[in-house]
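Q: Starting from the known structure of chain W, arrange chain U on it as the hints suggest.
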Amino acid sequence: MRLYLRLAWRNLWRHRRRTVIVAVAIGGTLALMMWYDGLVSGFNEAIYGNAIRVLGGNIQIHAAGYGAEVEQLPLLPLANDQALVQAAQAQPQVQAAARRINTGGMATTREGAFGVTIVGVEPDQELPVSLVAQKVSAGRYLAADDQDMVYIGHGLATAMGVGIGDRFTLAGRDTHQQMRSRTMTVVGIYDLGMPDIEKRNIYITLSEAQSLYGLEGQVTEIAISLKQVGEEPAVMNALRPSLAGAEIVSWQTSFPELEQALATKGGAMNVFSVIMMVIVGIGILNLLLMAIYERTREIGILGALGLKPHQISILFVLEGVLMGVVGVAVGVALGLLINGVLGQVGLDYSQFSNITSYMALISGRVYPTWGVEKLPQRTLTVLVITTLAALYPACEAAQREPAEALHYV
Amino acid sequence: MIQLYKMAWRDLGRNRRRTFFSMLALAFGVALLLFMASFVAGEMRGALQSAIKLQSGHLQVRAASYNEDKTSLKWEDLIENPDALAAQIAARPEVQAATPRLYATGIVVAGDTSTGVRVIGIDPASAASAPFRDGMVSGDYLTTDDRGGLLMGKTLAGKLKLAPGDTINLLVNTSNGDVDQQSFVIRGLYSTGTPGYDESTIFLPLAKAQAIARAEKHASVIFILLKDQDQTDAVAAALAPAYQVKTYIQLNALLSEWEQFANAYMYIFYLIVLGITATVIINTLVMSVFERTREIGILAAMGMKGGRIMAMFFAESSLLAVGGIAIGVVLGSLLSAYVQRYGFFIGEMGITGILIGERIYTYLTLNDIVTLTIMAFVITLLAALYPAWLAAKMEPVEALHSGK
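The listed protein sequences derive, respectively, from chains W and U. To convert, take the position in the first sequence, counting from 1, and add 140; that gives the working numbering. To convert, take the position in the second sequence, counting from 1, and add 4; that gives the working numbering.
Careful: at least some of the hints might be erroneous.
[To be verified] Result set (BS3-like, lysine-lysine): computed pairs, CA atoms no more than 30 Å apart in a straight line: (1) 250/U x 78/U; (2) 221/U x 78/U; (3) 250/U x 231/U; (4) 74/U x 57/U; (5) 163/U x 405/W; (6) 165/U x 57/U; (7) 74/U x 221/U; (8) 158/U x 74/U; (9) 275/W x 367/W; (10) 163/U x 57/U; (11) 405/W x 78/U; (12) 405/W x 165/U; (13) 57/U x 405/W; (14) 57/U x 221/U; (15) 74/U x 275/W.
[Said to hold, decoys possible] Beyond 10 Å from chain U on every Cβ pair, some chain W residues (computed): (16) 235; (17) 446; (18) 545.
Just so you know, the hints here were simulated from the structure itself, not pulled from any lab data. Just so we're clear, the structure is a prediction, and the values are computed from it rather than from any experiment. Heads up, the beta-carbon is just placed ideally off N, CA and C, and yes, glycines get one too.
Next comes chain W alone, as it looks inside the complex (with noise of 0.2 Å):
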């Protein structure tokens, strides 16, 4: 086998210029691959690094049945609210665990309605570890004893036209589906940069939303915070021994019109990377063809010297994926280095950040990481498609009967 590689390979660079144009058109096709999946863990990133960072914690307990409606923000009590905290911050890894209610509400005034999620807070927890209650830009931030007072963002209060001390009605529903509305003085104005965001989320304290909704001493979710980003699987897996039938989630599966919409993109760049890298194999099989007519001779001395049909054509594949080998590394090269320079760069989206509701998530720039993720997949797929397109001149070669091919000049 190893003889047949060094043949293989010498054969490869006889003709060092077919080789590297050949090289190029696949490193061309993979880098484009490895931008496109770069591009996609970038998006993700941004998008999950903001959800933790913006929406607070990395891990969210529920109820059960909470995660069926996740989009509706059902008004669904943890039946242990008091005991999972404990357990959380048990956790040496957990940085803070916060008691919220997160429900759908409108707020409006005179000049018009503007659909919102009310989310109440425990400020004592939250101001540590939540973004939103560092970055305020007016006023300040809630405290535990505030009563009908809200927090809001940048977005919604130059929307709304209004600033510190104004008030609006702020409506929402309790538990009885009956609506509850209230009028609220607003404390405090968050900037984040996020204007989508900015306009979605408010903030009220815990005990207000609490007596306003229905849900006296009880909460809807519990967002855990930790240390570090990464370590969610081994909390999550300390904490399943006490949710008694509570669910626990964490970002990654939160988002699932954001999984549906990279699923059907994803399979359609499979798609395109497959036709790609066929145009490629087509001048992959135009090389060895014309490779098999140079060396009908040495392929008749081969065959004359005892080379099996079978053998010779090994020959011809071995070359087929070394081409693909060649062209992997030149792929590999090509394609680090564009997401080097993008990765430092960043593209823009942010004009696009109300088209979908993640995407409010992404704070201007996506830094598309190294695009390696799929690489193995990317890998295989042209190495598997350089193969076949190398059988067929393979065939034609094992084909040669030996007399007749040492006599041609």
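A: Positioned in the frame of chain W, the structure of chain U alone reads:
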């Protein structure tokens, strides 16, 4: 010139299989790109047509101070006596339908769940409401004097686990800045094939919407559909002085931004894919230069100038380009014609900012075919540059003495 092409044609015929494969590579590239272009164009066209039909109309007439970002219901921001104005606009010959609509913000409350929605008061009988009437999937359509019923999107009903006949609580903002609530029966479910729209929009008859929002005899906009889209600007100009008039182009600015963005990416893809097909052509021609070293030597010895030798290779690559592009355009057109007919299911992507349907129908434009043909042709010609230069710089004497 003709002679050059004759020679090029014969040279290509000398190794038919290679020529065929080279053309095939180019054809695949062109077909792939053509399909992609038609997909993007179809997506955008579908989104624009959905937006016009469902959201923006061709034109909207509003009160001067109306701000659509706020969904204000203040009477000053609304149109007074909208029926009269709508009738007056509908009387214009270019107008297909003009109907008053009232926009409010609301929350649907059902069981444990609630979700924010846009509440639209419509005239159920108007021709402009046809997409909802025709899109009914279960239950009954609204009647003009219905006081306790509403129409809900199928997507939203699915998420809230509701069916026609169920009762929900609806919270709606009112003209005095408050919020009012009332229970409604779901009369029926509609589907427009655009999940992002269906999951966030609820319809009430206009009179009921005005009553609950305390905006009696007022409407947010007059929604206008024209018989011919191209007359939009002319009609807008005729209506403009008295009211705030917005055209569908102004109302769908995000869509055109998105389209430009998608097109920019398309051009990058064009260049990369055609670049890769070009490598196949380069290799083919390089091989053919070296096979014909002796011939080129003879031609040069007979007095053929370097320029003409180069021209010969350009002729060869242009023939390859013509063949490859022709096959590619046919393949790509067939593929996109199929998807144009049967559609391509993409499902729900959670896109609410622009109206992407759950099924995309490709749309092949002549413009895309021409652009792509020119680009592919130019790039294939450029691919011949290197092999042609290799051939032209050969020293006749050496070339004559080469192996073959």
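Q: Could you check the structure against the hints above and give me the numbers of any it violates, in ascending order?
A: As far as the earlier hints go, only 11 is violated by this structure.
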